[in-house]
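Given these sequences and hints, build the entire structure.
Here the working numbering is used: the first residue of the sequence shown is 148, the next is one more, and so on.
Worth double-checking, as some hints may not be accurate.
[To be verified] Taking lysine to aspartate or glutamate and the EDC-like style, the derived pairs with C-alpha atoms no more than 20 angstroms apart in a straight line are:
| no. | residue 1 | residue 2 |
| --- | --- | --- |
| 1 | K198 | D396 |
| 2 | K390 | D247 |
| 3 | K178 | D379 |
| 4 | K431 | E404 |
| 5 | K249 | D452 |
| 6 | K198 | D177 |
| 7 | K198 | D452 |
Derived from the structure by calculation, the hints contain no laboratory data.
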Amino acid sequence: MRRALIVLALLAAACGGTQPATDGQAKQSDKVNAGVIAIVDTAPIHLGKAKGFFTEQNIDLTITPVQGGAAAVSGAVSGQFQFAFANTTSLLTAKQQGLDVKVVANGVSSTGQQGKDFSAVLVKPDSPIRTAKDLAGKKISVNQLKNIGDTTVRASVRNAGGDPTGIEFVELPFPDAPAALQSGRVDAIWVVEPFVSQAISQGARPVAWNFADAAPNLTVAMYFTTGRTDADLAKRFTAAMRKSLEYADAHPDEVREVLKTYTKIAPDVIAKINLPKWPVDVNKASVQTVADLALADGVLKQKVDVSALVP
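This is how it looks when you write it as structure tokens:
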């Protein structure tokens, strides 16, 4: 009898000893591919990955560079990316087209400060254009037609008392815009950092800070997903992004350092550029303003329910 009890005790101990090991096994991380443009705006997600904020949420994050919002949207909708980054107008357009996109976190915001924002309209130093009102009827470059650039530039002109209907927008990649301005191909250029600082260092003169003009603390871009993404994964991604945004906003020196790891911006330029703001929350009122402006300008064909895009 005693021998049987000893055997039972040993079996119980064996079972008890193996059970915690099973429960204690680390849950396998979810592999996530995020489509993100390699620009200043997206510093928080790179910083958050480096700081382990996604690992804390059991996410094994891969950041895949994309060329722009259209590529990010198509990649997410096709299933290439579980999450992606795109500007407000691109997401509004996608929603209008019936695409299954939903915002999960703020992306980047204007500083709201004239002269200290990361987006500006610039002219040659000897240009007769002195204010945003003078941009009426002129040829202005934007990186993509019928998007957040022309919408906010028109807002600048309206706010200054000008008529934006006669503006001729020309599509030029940001890196090509400063040279186009110097050569006289266009009367003005809309660019974001680091091209704002680059053009100003070459003598260009700002006449409008279009993001700051369009809406107070404008939400310029956001991170989004689609309905195919697991709700728990989306919740954890959002938590990691919120922590990343908060950290980036509070640590500008670390932002400038992480920019050296995924962009080709020269270190001396990184030291000088105007950084955007990275608030944790989306400014829904500003998203509605962009939607209304885009509708009035014909960029959007019908009114978009912003609450369906930004919960």
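Are the Cα positions of K198 and D396 separated by 20 angstroms at most? With a Cα-Cα distance of about 14 angstroms, the restraint between K198 and D396 holds, given a limit of 20 angstroms.
Would the hint linking K390 and D247 be met if the CA-CA limit is 20 angstroms? Status violated; Cα separation ~26 angstroms.
Hey, K198 versus D177, does the alpha-carbon distance stay inside 20 angstroms? holds (18 angstroms)
Under the criterion that the straight-line Cα-Cα distance not exceed 20 angstroms, is the pair K249, D452 satisfied? It holds: about 12 angstroms lies between the C-alpha atoms, which stays within 20 angstroms.
K178 paired with D379 [C-alpha distance capped at 20 angstroms]: holds (14 angstroms)
Given the hinted pair K198 and D452, is their alpha-carbon gap at most 20 angstroms? Judged against 20 angstroms, a Cα distance of about 36 angstroms means the pair is violated.
Do the alpha carbons of K431 and E404 lie within 20 angstroms of each other, as the hint requires? Violated - the C-alpha atoms of E404 and K431 are around 30 angstroms apart, more than 20 angstroms.
Of the numbered hints stated above, those contradicted by the structure are hints 2, 4, 7, listed in ascending order.
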